[in-house]
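Chains as they are written, first to last, in full-length UniProt numbering: chain S, 1 to 461; chain L, 1 to 461.
Simulated from the structure, these hints should not be mistaken for lab results. Do not rely on the hints blindly, as some may be mistaken.
When chains are identical, the list treats them as one kind, so a pair holds in a single copy or across two.
Mimicking DSBU-like on lysine-lysine, the simulated pairs with C-alpha atoms at most 35 Å apart in a straight line are [what the hints assert, rightly or not]:
#1 K168 to K211
#2 K186 to K168
#3 K242 to K168
#4 K168 to K53
#5 K427 to K53
Number of protein chains: 2
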Amino acid sequence: MPILEHFENEHSSDQLQRLNEALQSGMFMQVRMMLNELPAADVAHFLESTPPKERNILWRLINTEREGQVLQFLDDEIRNEYAANMEPAELAAATRHLEVDDQADILGDLPDKIVKEVLASMRVQDRHRVEHALSYPEDTAGGLMNTDLVTVRPLVTIEVVLRYLRMKGELPVATDCIYVVDSEDKFIGSVSLSTLITSQPDETVEQVLEKDIHPIPVDQPDDEVARVFERRDLISAPVIGKDGELLGRITIDDVVDVIIEDADHSLMSMAGLDENDDTFAPVVTSAKRRAVWLGINLITVMVAASVIGVFEETIAAVTALAILQPIVPSMGGIAGTQTLTLVIRGMSVGHISDNNFRWLMMKELGVSVLNGLLWSLVVGMSVFLWFHFVQHSEHATYLGITIAGAMVINLIAGATFGAILPVMMTKMDIDPALSGGVVLTTVTDMVGFFAFLGLATVFFL
Amino acid sequence: MPILEHFENEHSSDQLQRLNEALQSGMFMQVRMMLNELPAADVAHFLESTPPKERNILWRLINTEREGQVLQFLDDEIRNEYAANMEPAELAAATRHLEVDDQADILGDLPDKIVKEVLASMRVQDRHRVEHALSYPEDTAGGLMNTDLVTVRPLVTIEVVLRYLRMKGELPVATDCIYVVDSEDKFIGSVSLSTLITSQPDETVEQVLEKDIHPIPVDQPDDEVARVFERRDLISAPVIGKDGELLGRITIDDVVDVIIEDADHSLMSMAGLDENDDTFAPVVTSAKRRAVWLGINLITVMVAASVIGVFEETIAAVTALAILQPIVPSMGGIAGTQTLTLVIRGMSVGHISDNNFRWLMMKELGVSVLNGLLWSLVVGMSVFLWFHFVQHSEHATYLGITIAGAMVINLIAGATFGAILPVMMTKMDIDPALSGGVVLTTVTDMVGFFAFLGLATVFFL
Chain S
1 MPILEHFENE HSSDQLQRLN EALQSGMFMQ VRMMLNELPA ADVAHFLEST
51 PPKERNILWR LINTEREGQV LQFLDDEIRN EYAANMEPAE LAAATRHLEV
101 DDQADILGDL PDKIVKEVLA SMRVQDRHRV EHALSYPEDT AGGLMNTDLV
151 TVRPLVTIEV VLRYLRMKGE LPVATDCIYV VDSEDKFIGS VSLSTLITSQ
201 PDETVEQVLE KDIHPIPVDQ PDDEVARVFE RRDLISAPVI GKDGELLGRI
251 TIDDVVDVII EDADHSLMSM AGLDENDDTF APVVTSAKRR AVWLGINLIT
301 VMVAASVIGV FEETIAAVTA LAILQPIVPS MGGIAGTQTL TLVIRGMSVG
351 HISDNNFRWL MMKELGVSVL NGLLWSLVVG MSVFLWFHFV QHSEHATYLG
401 ITIAGAMVIN LIAGATFGAI LPVMMTKMDI DPALSGGVVL TTVTDMVGFF
451 AFLGLATVFF L
Chain L
1 MPILEHFENE HSSDQLQRLN EALQSGMFMQ VRMMLNELPA ADVAHFLEST
51 PPKERNILWR LINTEREGQV LQFLDDEIRN EYAANMEPAE LAAATRHLEV
101 DDQADILGDL PDKIVKEVLA SMRVQDRHRV EHALSYPEDT AGGLMNTDLV
151 TVRPLVTIEV VLRYLRMKGE LPVATDCIYV VDSEDKFIGS VSLSTLITSQ
201 PDETVEQVLE KDIHPIPVDQ PDDEVARVFE RRDLISAPVI GKDGELLGRI
251 TIDDVVDVII EDADHSLMSM AGLDENDDTF APVVTSAKRR AVWLGINLIT
301 VMVAASVIGV FEETIAAVTA LAILQPIVPS MGGIAGTQTL TLVIRGMSVG
351 HISDNNFRWL MMKELGVSVL NGLLWSLVVG MSVFLWFHFV QHSEHATYLG
401 ITIAGAMVIN LIAGATFGAI LPVMMTKMDI DPALSGGVVL TTVTDMVGFF
451 AFLGLATVFF L
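The task is simple: from the sequences and hints, build the whole structure.
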């Protein structure tokens, strides 16, 4: 994405409001005018915020030459839909002026057949650049990098470099430094634009270059790239191949997109949703997607319910158990989710390793034991008091003891599984953010029912 | 934070591993040497990943002159602990070389008394700058901005500007452009370093300046600043006061911190955790913090259980109801959480407004009706078949009908509340990410138990 595209309008939310009113009242000419005055990022945002029917009208009102700009800012699902419906030649023309990593991004998600046709209708040089970009997996440094960079040799003087740059007339967007390479194109170091400006003209590049910059390997996963940028406060970084040859550069704006997407992924996948799905997708599309998650949950809750089935006789003897039955599983699930979330986040920021995992697990167990004792006392007493003084039940004492004991057991189970699950799942290559919660609550439900009704059976049968 | 501090070591994770081994085997001299060779960000990360006892040893091994650097990278909770324990003069000395926004960040969280003492031991000029930075709320543009910037007047030539910059010898870190102001210091526009380099020396600043840059008001909330940076792919932006006077600039590295903190907040607060808490906090500290969340949950689950209590007679008549009882609330909770998450995220990225909320709610209802019909059919049939053919229960037909009917009702309730809750809570100034899930599942539990046991009462009593 271009870094220096600044905003043409200060009050964009007012504009969006007026745009919406014009759309509602069917003044399409006006909508078209307003749409094409807005920055492309705002148009994309407006499309994303509009239900499908109106969205299709809006899309047709956008000037052809801006379609590529808008496409690059759209969420994956919507973008793929529109891109796949464009004529290959039209798509090639629309994306011609984008940066090569953004072109590759748009094409990368489309069916192979369309990609081939689009590539075929590009100019030869463009096609080679895009094909090259497409050859790197999207979620690696190679997929993030741009190939337009300025390189110089170490022995030229600053004066020569400045003259050369002035002759070029324009630098690639978001250029904050130029790169120094040897005769075999191997990366040596970089010189920031501010160094160029503040150095003496007769100094050589070699005298002022920054060597302490460690380039990013082209196959590094994008989340690791993001962590390096974050930790080092980088604005751009060079990307190198296996033999140290300079291949391109990654700029912070694309890294910010990775960071936001990863965060979105954690949040959405906890509810079994996909961060790339369209919020305003049609009912049937959404219903189909959500059905799977509900189905998985149905299976897990039926498994948990089957544990209750084992103790049907006990419940028949003391119906009060059915009333108290949700409390223990629920508390175990909450305590376990806290540990699970803490560990998943600790792993994702790199705080948790083999060195400290045992310590952390012992700590989480300790927390659960303390809270287990505290809340089992509270709940045990409340249950006793209620059933003794209000319900005048003969079972009050045992009901209190049962629920208190089961609570301690389940809170400990929650902490243990909450800590172990993400580690186990990561080793098995399963995303703990996606399924950790479901597995955990299935476990705490089962342990909760079993501990509560099992203890009750000991006391009452 | 400094933007151009690049990483001094490629294999930092190997280094951390060796550091850990040295620490475990008590070779403190070696640990000290290794610690002081690592970049400050890595030292901070290592401290964050270490349990409290070893962490305190490590902190004492860090060279005094690096303490400020390390402090600025530490998580809030740990940083506050160490900063508050330093002598005021020592803290003033340690933070002297930091950027003013980072100094203000460190001081801002400390008790007023300490801040006063630290300020008193600073040099006058430094003190004024920090006091000025502290006067802006931390979570606004003013709290994010730096005041070290290069300004020029519109009528000077590029040649003069370049000569002036060369004389300065060094530009503030992360300078990607210089700012143009009038005689009253009001912001006019900016000139990027690449424009400076590629323009003709005899052109004036006025001829090449970029006017399309809309500066950020000093009181804009930091999450809005982050959205502007993200949407416009900015690297830096000027900050202005009420009368258009240039006050400072915000750089992308500080914005990335805001983005990451916001994402962390959403994720952690869903489990009732605080993103600033130390993962390796002592057991008692953590237990106290978590106790509140467990207590809130205990109250909500007891309220839900009281709904079951209303139907004790029905359960006494048909014990099978106790077994099936968790299924309907669970499914409603899952469906509701999906809608809730979708709406919370849609609101936070700005996709949802008054214009499209009705549409979205109708869509979510539609999704729940479809999935309600599908899964109530599945669960109704399963329950009928199981109780009829396996348990030979006379109640099989009605149990199937009851659970199917209750499921449809509860899925609709889940979608309705999942959509309305975040809107309502935001209007009441409550963070829906923090408490939305708890309120929602309390509702779906209650509706679930009421619908299931209520329908059962109609059929069986």
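*Hint by hint, which ones does the structure fall short of?*
Hint 4 contradicted; others consistent.
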